[in-house]
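Sequence order for the protein chains is A, B and C. Here the first sequence stands for residues 0 to 543, where the numbers follow numbering that gives the first Met the number 0. Here the second sequence stands for residues 0 to 297, where the numbers follow numbering that gives the first Met the number 0. Here the third sequence stands for residues 0 to 342, where the numbers follow numbering that gives the first Met the number 0.
Honestly, I wouldn't trust all of these hints.
Claimed, not checked - Simulated crosslink set (DSBU-like; lysine-lysine; CA at most 35 Å straight-line):
| id | chain 1 | residue 1 | chain 2 | residue 2 |
| --- | --- | --- | --- | --- |
| 1 | A | K203 | C | K74 |
| 2 | A | K37 | C | K126 |
| 3 | C | K74 | A | K208 |
| 4 | A | K203 | C | K193 |
| 5 | C | K177 | A | K206 |
| 6 | C | K126 | B | K171 |
| 7 | B | K23 | C | K193 |
| 8 | A | K309 | A | K201 |
| 9 | A | K201 | C | K74 |
| 10 | A | K368 | A | K358 |
| 11 | A | K206 | A | K358 |
| 12 | C | K126 | A | K201 |
| 13 | C | K74 | A | K288 |
| 14 | A | K462 | A | K368 |
| 15 | A | K542 | C | K177 |
| 16 | A | K206 | C | K126 |
| 17 | A | K37 | C | K74 |
| 18 | A | K246 | C | K177 |
| 19 | A | K208 | C | K193 |
| 20 | A | K497 | A | K462 |
| 21 | A | K246 | C | K193 |
| 22 | C | K193 | A | K542 |
In case anyone wonders, no lab produced these hints; they're calculated from the structure.
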Amino acid sequence: MNSLCVPLLTRKNYLPYFLCVLLLGGCGDFVQVENDTKGIIYCSEGSPTGFNPQLDSSGTTVDASSHQIYDRLIDFDPVSGELVSALATSWMVSDDGLRYTFQLRKNVNFHSTPYFTPTRTLDADDILFSFDRWRLAEHPFHMVSGGDYPYINSIGLDQLISNITRLNGYRVEIQLERPESSFLANLATDSAIILSAEYGGKLKQSKTKDLIDSQPIGTGPYKFVSYRQDRFIRFLRHDGYWGEENKTEQLIFDITPSSSLRLAKLITGECDVMAFPAHIELDIIRQRKELSLDEKPGLNVGFWAFNTSKAPFDNPQVRKALAMAIDRDALLEAIYFGSAVPAVSILPPTSWAFQGDLKNISYNPIAAKKILLENGIEPGFVMNIWAMPVERAYNPNAMKMAALIQAYLQDVDIRANIVSYEWGTFRGRLKQGGHDSVLIGWSADNGDPDNFYRPLLSCPAIKYGTNRAMWCSPEYDSYINQALQFTDQEERAYFYAKANELLMAEMPLVPIAHAIHYQAYRANLTGLVINPFGGIRFAPVEKN
Amino acid sequence: MPQFNLYQEEFPPSPLQVTWQEFKLNHIAVIGLYCLIFFVVLAVLGPFLAPFDPLQQHIDSLLIPPSWEPSGGIVHLFGTDGLGRDILSRVIYGCRMTFGISILLVLLALLIGVALGAVAGMSRGLRSSFVNHLLDSLMAIPTLLIAIIIIAILGTGLVNSMWAITLALVPKFIHQTRDFVRNEVRKEYVMAAKLDGASKRQLFFNSILPNMGEMLVVQGTFALSIAILDISALGFLNLGAQAPTPELGAMLYKGIEVAYIAPWNIALPGAAIFLMIVSINLVGDGLRSALRSRLLHS
Amino acid sequence: MGNFVLRQFNLLVLTLFVLSLFSFSLAYLFPGDPLTNLTGIAGSEQADYQLLNDAFHMQGNVLQQYFYYLGALFKGDWGISFSSGLPLTNEISRTLAASIELSTYAFIFSFSLGIPLGFIAGLRHYKITDNVLLSVSVIGYSIPVFWLALIVILLFSLQLGWFPLSGRISLLFDVPLKTGFILFDILLSDLPDKQEAFYDALRHLILPTLSIAIVTTAIVLRITRRSVIETMNSEFIQAAYARGLTSRQVLQHHGIANALIPILPVLTMQFTTLLTNAMIVEIIFSWPGIGNWLIQAIYQRDYPAIRAGMLAVSSLVVILNMSINIAIRLIDPTRGRLEHATI
Numbered sequence: 000m001n002s003l004c005v006p007l008l009t010r011k012n013y014l015p016y017f018l019c020v021l022l023l024g025g026c027g028d029f030v031q032v033e034n035d036t037k038g039i040i041y042c043s044e045g046s047p048t049g050f051n052p053q054l055d056s057s058g059t060t061v062d063a064s065s066h067q068i069y070d071r072l073i074d075f076d077p078v079s080g081e082l083v084s085a086l087a088t089s090w091m092v093s094d095d096g097l098r099y100t101f102q103l104r105k106n107v108n109f110h111s112t113p114y115f116t117p118t119r120t121l122d123a124d125d126i127l128f129s130f131d132r133w134r135l136a137e138h139p140f141h142m143v144s145g146g147d148y149p150y151i152n153s154i155g156l157d158q159l160i161s162n163i164t165r166l167n168g169y170r171v172e173i174q175l176e177r178p179e180s181s182f183l184a185n186l187a188t189d190s191a192i193i194l195s196a197e198y199g200g201k202l203k204q205s206k207t208k209d210l211i212d213s214q215p216i217g218t219g220p221y222k223f224v225s226y227r228q229d230r231f232i233r234f235l236r237h238d239g240y241w242g243e244e245n246k247t248e249q250l251i252f253d254i255t256p257s258s259s260l261r262l263a264k265l266i267t268g269e270c271d272v273m274a275f276p277a278h279i280e281l282d283i284i285r286q287r288k289e290l291s292l293d294e295k296p297g298l299n300v301g302f303w304a305f306n307t308s309k310a311p312f313d314n315p316q317v318r319k320a321l322a323m324a325i326d327r328d329a330l331l332e333a334i335y336f337g338s339a340v341p342a343v344s345i346l347p348p349t350s351w352a353f354q355g356d357l358k359n360i361s362y363n364p365i366a367a368k369k370i371l372l373e374n375g376i377e378p379g380f381v382m383n384i385w386a387m388p389v390e391r392a393y394n395p396n397a398m399k400m401a402a403l404i405q406a407y408l409q410d411v412d413i414r415a416n417i418v419s420y421e422w423g424t425f426r427g428r429l430k431q432g433g434h435d436s437v438l439i440g441w442s443a444d445n446g447d448p449d450n451f452y453r454p455l456l457s458c459p460a461i462k463y464g465t466n467r468a469m470w471c472s473p474e475y476d477s478y479i480n481q482a483l484q485f486t487d488q489e490e491r492a493y494f495y496a497k498a499n500e501l502l503m504a505e506m507p508l509v510p511i512a513h514a515i516h517y518q519a520y521r522a523n524l525t526g527l528v529i530n531p532f533g534g535i536r537f538a539p540v541e542k543n
Numbered sequence: 000m001p002q003f004n005l006y007q008e009e010f011p012p013s014p015l016q017v018t019w020q021e022f023k024l025n026h027i028a029v030i031g032l033y034c035l036i037f038f039v040v041l042a043v044l045g046p047f048l049a050p051f052d053p054l055q056q057h058i059d060s061l062l063i064p065p066s067w068e069p070s071g072g073i074v075h076l077f078g079t080d081g082l083g084r085d086i087l088s089r090v091i092y093g094c095r096m097t098f099g100i101s102i103l104l105v106l107l108a109l110l111i112g113v114a115l116g117a118v119a120g121m122s123r124g125l126r127s128s129f130v131n132h133l134l135d136s137l138m139a140i141p142t143l144l145i146a147i148i149i150i151a152i153l154g155t156g157l158v159n160s161m162w163a164i165t166l167a168l169v170p171k172f173i174h175q176t177r178d179f180v181r182n183e184v185r186k187e188y189v190m191a192a193k194l195d196g197a198s199k200r201q202l203f204f205n206s207i208l209p210n211m212g213e214m215l216v217v218q219g220t221f222a223l224s225i226a227i228l229d230i231s232a233l234g235f236l237n238l239g240a241q242a243p244t245p246e247l248g249a250m251l252y253k254g255i256e257v258a259y260i261a262p263w264n265i266a267l268p269g270a271a272i273f274l275m276i277v278s279i280n281l282v283g284d285g286l287r288s289a290l291r292s293r294l295l296h297s
Numbered sequence: 000m001g002n003f004v005l006r007q008f009n010l011l012v013l014t015l016f017v018l019s020l021f022s023f024s025l026a027y028l029f030p031g032d033p034l035t036n037l038t039g040i041a042g043s044e045q046a047d048y049q050l051l052n053d054a055f056h057m058q059g060n061v062l063q064q065y066f067y068y069l070g071a072l073f074k075g076d077w078g079i080s081f082s083s084g085l086p087l088t089n090e091i092s093r094t095l096a097a098s099i100e101l102s103t104y105a106f107i108f109s110f111s112l113g114i115p116l117g118f119i120a121g122l123r124h125y126k127i128t129d130n131v132l133l134s135v136s137v138i139g140y141s142i143p144v145f146w147l148a149l150i151v152i153l154l155f156s157l158q159l160g161w162f163p164l165s166g167r168i169s170l171l172f173d174v175p176l177k178t179g180f181i182l183f184d185i186l187l188s189d190l191p192d193k194q195e196a197f198y199d200a201l202r203h204l205i206l207p208t209l210s211i212a213i214v215t216t217a218i219v220l221r222i223t224r225r226s227v228i229e230t231m232n233s234e235f236i237q238a239a240y241a242r243g244l245t246s247r248q249v250l251q252h253h254g255i256a257n258a259l260i261p262i263l264p265v266l267t268m269q270f271t272t273l274l275t276n277a278m279i280v281e282i283i284f285s286w287p288g289i290g291n292w293l294i295q296a297i298y299q300r301d302y303p304a305i306r307a308g309m310l311a312v313s314s315l316v317v318i319l320n321m322s323i324n325i326a327i328r329l330i331d332p333t334r335g336r337l338e339h340a341t342i
């Protein structure tokens, strides 16, 4: 009897259900939206802290603002590394190297958005407003968003400039305290952006000064539309952009902290470009026809820094022993999968000041153990390793590196605990110096060697939170200061070699690798160029 | 010469034997039982069976595919993970941990639940019905959700997640025990004991409890599969067991990092969880239908 | 009848009261100072602290604080999230809607597949069809959803490239928020490429819906099967056959209704299981739902968000169950107290 019901039921009542199911499943093949050319989606690695690269020099914030929303007076050519004109069409240097005069570009439009409509184009007031914000403590916007300009302070740009004067509407003169060979390069870095003075005035009037960093107005190729933390940032094309016409209507940052998820999205076409492809995934990207991979030796260094303000890490012998306890070649293989060069100093081999004859400390756990004992480190000593929670060009997987180092330290009877926080919190606590040691690194903002030596290890940089070793040596500072007084590369290299020698003896940090810079994107994209100085730029990018 | 026996031997089989005979007829359930026994053995003998220490990192052999893949090796039967740890050993230890902990949790929850349920079932009056109804409405919240809430309060970690799941499982046992006790109290054998002057306490321990065994076993297997699922889900959400601990859910969470290049990192631990739950569910199912048909036939 | 509804309503109010009390006490249960937990501002920042102390009525006794909290809840002021600085009311309503949308579609799917299959299995019980369906269903409800979701992604997104793997819709479509249900929002919006957006959203829906629906489908199948077997064995069915009705007539006039009505509450209860599974799967599919949001809040120790999120989800579940209870009672007044599911 039952056998009768079923075929009847199947014919009459089930059919619609199954049709529904089939239809639902079938929809997938009807429309393919992937090849839509109206926008570019960039899978970025994290949420920016704001939209002002003056305030935060971390790559995440810079990527989301510096080259998208803003412009600088001068830029680096991403291919040759030369300085090229941007908002300043030309510049002149006085003979004593103390006065720089910039001629500004005319008819540069600011963004027109629902929250601000500019009434004038860029002029000298905007330059003064932008630079005075970080330069002068009494500037009405200096204290907005904390009053801390870490990168600018760490390279001493605010101290270097003694005065800025407006010669006329399109001419600005900057006077320096002393001649400095890296000044122009510093003006081209990601943090030296130009804000709108008019927008600032409006916000001041409406008593909402904070908005200047969260609802940004700039002159860049894209204007800000909306941002949802940990989800996405939306940009729209800036139609009145002064530079080359931009063919992409929408730019979206899809914030995806996991690198495997970014790759997955790139494969399915949900992203067009991905940030920081994991080094183990490079082969897959190379194998796939629809994906492209560009590479370029990066101007960066990944290192393991000791907190030299804490015992026993204030003892150079202990630091050296720890450096000896880890096998850096194995780390390089396990973390970078061969896509990095071993680091001997903090300067990468692509820099002109690179010193080729430096000798690396070799892996020797037995000697390390002996030195540690001699310096009073008992077996079972406990220390912590702070590992970044995010991938960076210089270290694609700090957590994994920490786990490997942990295993190495176990061989010399040291117990290491791995510590990590959310990226923002991590950097905050690092600045306060709660760590014993930390796995982090540095990507250069310009090609000048000073951009490595000063922010990483000079005494003033402790205050600005870029000196992760908390190491301060007047001798070292005098070397790097002397180097800046010369423009001749050979003379400068002499002082950097002196500094290197000191670093070898003191070992405040263990340089591990200079990673090759990779960029992965879908093959139908053109115009994406690796910027060796960090910051990705989407202005010339186009989807076909 | 064998002695001639006038009477044909006839031992009426005990209820347990009947259940077992009914259970044996269900082949799939028996397979499930073997599978379950395998996992129990694995959990007990894990350290002897695992070829490597689950935490040992082989830096020279990272992300080696399992041996059945063309590029796999025989040393690491199930391959290795991103840190060069042997996956077979990790899965064995993971089963031990996930399975062992789950059993522990279920026993604990059962103890608490039966105690409270008995009190609730034996008592009457407004207060009891008030609490019961409240319990009913709270029970509608799935255990995993309750566990997540408790984790949010206690903080993440394996021990906290264990407490959370125990607490989340307890209401189910209370409920079942209460309903069971309510039903039994009305029955004649209990009434007889009551008329003999047995106290409530004696009623419960001497008359009702011995009859609860089967119900508890069935509910226990049900709770066990929930516990395994929840423990590994919390591990997967990174709320439970933390990184190096070889817990199956946590392994799965770590496996996502290399999901595309090394899919065995998620396939194998996941398959272990799945098999464990399937075998428990099969056994639970088989038991239930065996009990049902025993009642039907008797 | 009215009495029953009233009783249920009382119970609902009572349960919600208990939940609110619980969520109120969370501020004290979380490690650390209650006010710091609520605002993220440590006691050291004296000026602000005093101000907030007044704002949160902290100087009053616990009872006053509780009533203040209750009042704020009713006014729709659920607090501010630490991490994003946005009002929680908006965040929760947005994410909750996304989760409910996902669960609803999965729910519809599991019903439309599970009940018919359950009938097939039940009508042919102990035959091959039944055994196959039963075995498949054991597998179905034993699969850990998070694993299933990963496997589905590996297969359908990465290997075959059929479906996208993250989010509700491609970010290129900026759909304005109206109902919180993406498909409806698209239909209500005035986007120029509405049709494309709709298809895109559908494609994003398929994998997550499927991965949570499988478990529920298996459960629905088993419950239905059990009930069908019991119903078809009952005497009134035999009586119907005895009256000479055909199998089809028996099933249509007596079987379906009598098999389905008793299990409806148990089946609808599955919605909460579905919601929990959705919350886990959301994380894998980067679905912007309440589960994803809540887990992030737990990672970031965003206490106000955890507190409000918990309250929202548990209230939703409780209210849902109560309403199901009442609705079922209205359809079928003969039913007694709800029985809980056995599958």
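Query raised in the report: Of the numbered hints stated previously, which ones are contradicted by the structure, given in increasing order?
Result: Of the numbered hints, 2, 4, 7, 8, 11, 12, 13, 16, 17 and 19 do not hold.
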